[in-house]
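Undergrad: Okay, here's what each chain looks like letter by letter:
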Amino acid sequence: MSPERKVVVKKLAYRVNDELADKIREVMKSKNKLFFNMMGSIGAGKTLILEQLAAKLSSKYRVFVINGDVATTIDADRIAKQGATTVQINTGGGCHLSAKLIQNELDKINIDDYDIFIAENVGNLICPAAWDIGAQLNITVVSITEGEYVVKKHPIIFKNSEIAIINKCDLDGLGFNSDVLAEDAAKIKSGMKVILTSAKTGQGIDELITTLGIEL
Amino acid sequence: MHEYSVASAIVDQVKAIVEEHKATQVKKIIVSASPYDVIIPELLIEAYGIITDDLDKFKGSTLEMQNSKAEITCLECDYKGEPAEEGDPEFAYNFICPKCESRDTHINMKNLTIETVDLVIPDN
Ligand SMILES: Nc1nc2c(ncn2[C@@H]2O[C@H](COP(=O)(O)OP(=O)(O)O)[C@@H](O)[C@H]2O)c(=O)[nH]1
Ligand SMILES: [Mg+2]
Ligand SMILES: [Zn+2]
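If you read the protein sequences in the order shown, they are chains A and B.
When the count follows this note's numbering, it moves up by one through the first sequence with no breaks and lands on 216 for the last residue.
When the count follows this note's numbering, it moves up by one through the second sequence with no breaks and lands on 124 for the last residue.
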């Protein structure tokens with residue numbers, strides 16, 4: 001009989017992901033690239049916001065968008081029409097992107113061929129908050145049609161974000177209300193940048209671009 | 001529902017430990033998680049079973065979960081430790097700092113730790 005031994009490990013389960021995320025952040029920084037992580041619920045308007053961003057940025061910047069979705073390439077195709085290079089990651093059943101999934105895509109391209117990288121995370125207000133993908137800024141999008149209490153119910157993802165986007169503000173006053181969401185997002189984390197947008201009309205998109213530190 | 005990815009992350013790290021110790025078999029893995037780690041133990045254990053099903057060195061091994069304490073960091077006063085019991089009356093999953101009563105705290109939800117691994121290591 002071979003002996004059994006207890007090995008004391010004491011290592012964080014997320015360690016490998018987080019180390020890779022740090023590495024991605026370092027590489028992006030050293031190459032002067034911007035990398036944003038856009039999170040939010042299903043249907044909040046992440047893709048439509050990215051279409052607006054791509055339309056405004058593509059004439060000046062080379063934009064690379066990584067779309068995380070459980071299946072299909074619908075979102076990546078929509079954004080590609082606005083002039084960005086896009087790639088779709090199908091996570092299968094996975095409810096979040098990870099540093100490894102991002103690195104796999106970066107390995108297939110030359111980072112120097114692009115200026116701005118944006119990941120559209122899988123629609124979900126819970127799991128993506130726990131998985132660092134190496135972005136410099138984390139953005140969470142909610143829309144006013146999700147109800148007034150969506151920030152109150154999911155504060156963790158906002159705590160893990162620097163920017164909160166309250167989208168679909170074209171519907172403000174039409175049975176929906178942006179006030180409570182904007183107030184809650186500002187209250188839940190000091191220094192939070194709250195931006196009211198309508199990805200339909202383009203409201204707030206320029207403010208978002210400025211907040212991301214991009215010159216138009 | 002990210003237990004599958006979490007279980008994979010655990011198995012990947014344990015595989016490296018098995019290599020390092022030239023072990024022939026994994027018997028038991030003990031992991032600890034805090035109450036706010038958004039991990040459902042039953043699902044994690046189920047995912048572990050699925051992932052290790054075709055891994056010879058993990059045959060018959062078990063994954064055990066232990067509880068660790070919740071930990072917040074206060075962004076106002078730098079307090080690090082257990083949150084005040086009542087939580088934040090306004091926000092779900094948010095906590096008030098027991099030292100300065102600020103709501104500007106961060107709950108660490110990534111405490112999940114591989115504590116120990118029981119291995120069979122042949123002598124020689
Ligand atoms: N009225 C309105 N509809 C929007 C807005 N943004 C997105 N939508 C619509 O909401 C639906 C979901 O948007 P999509 O961008 O696919 O959401 P995602 O799941 O977060 O990527 C689509 O039908 C969009 O046309 C907005 O600002 N106002
Ligand atoms: Mg989308
Ligand atoms: Zn404090």
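Treat the hints as calculated values from the structure; they're not laboratory data.
For clarity, every value in this text was computed on a predicted model and none was experimentally measured.
Treat the hints with care, since some could be wrong.
Far from chain B, some chain A residues (derived; all Cβ distances over 10 Å) [as the list claims (entries may be wrong)]:
#, residue
1, S2
2, E4
3, D22
4, K23
5, E26
6, K31
7, S41
8, K60
9, I74
10, K81
11, N90
12, G123
13, I156
14, D184
Ranges of calculated distance between the beta carbons of each label pair, as one might list FRET restraints [stated by the list, open to error]:
#, chain 1, residue 1, chain 2, residue 2, range
15, B, K59, A, N32, 23 to 31 Å
16, A, N177, B, G87, 21 to 29 Å
17, A, R78, B, E90, 31 to 39 Å
18, A, D112, B, K99, 43 to 51 Å
19, B, S68, A, D22, 39 to 47 Å
20, A, D22, B, T24, 31 to 39 Å
Short, incomplete list of chain A residues facing chain B, as computed with Cβ under 8 Å [stated by the list, open to error]:
#, residue
21, P3
22, K6
23, V7
24, V9
25, N17
26, L20
27, G94
28, C95
29, A130
30, F176
31, S190
32, M192
33, K200
34, T201
Ideal placement from N, C-alpha and C gives every residue a C-beta, glycine not left out.
Undergrad: Of the hints given before, which are not true for this structure?
TA: 1, 2, 13, 14, 15, 19, 26, 30, 32, 33 and 34
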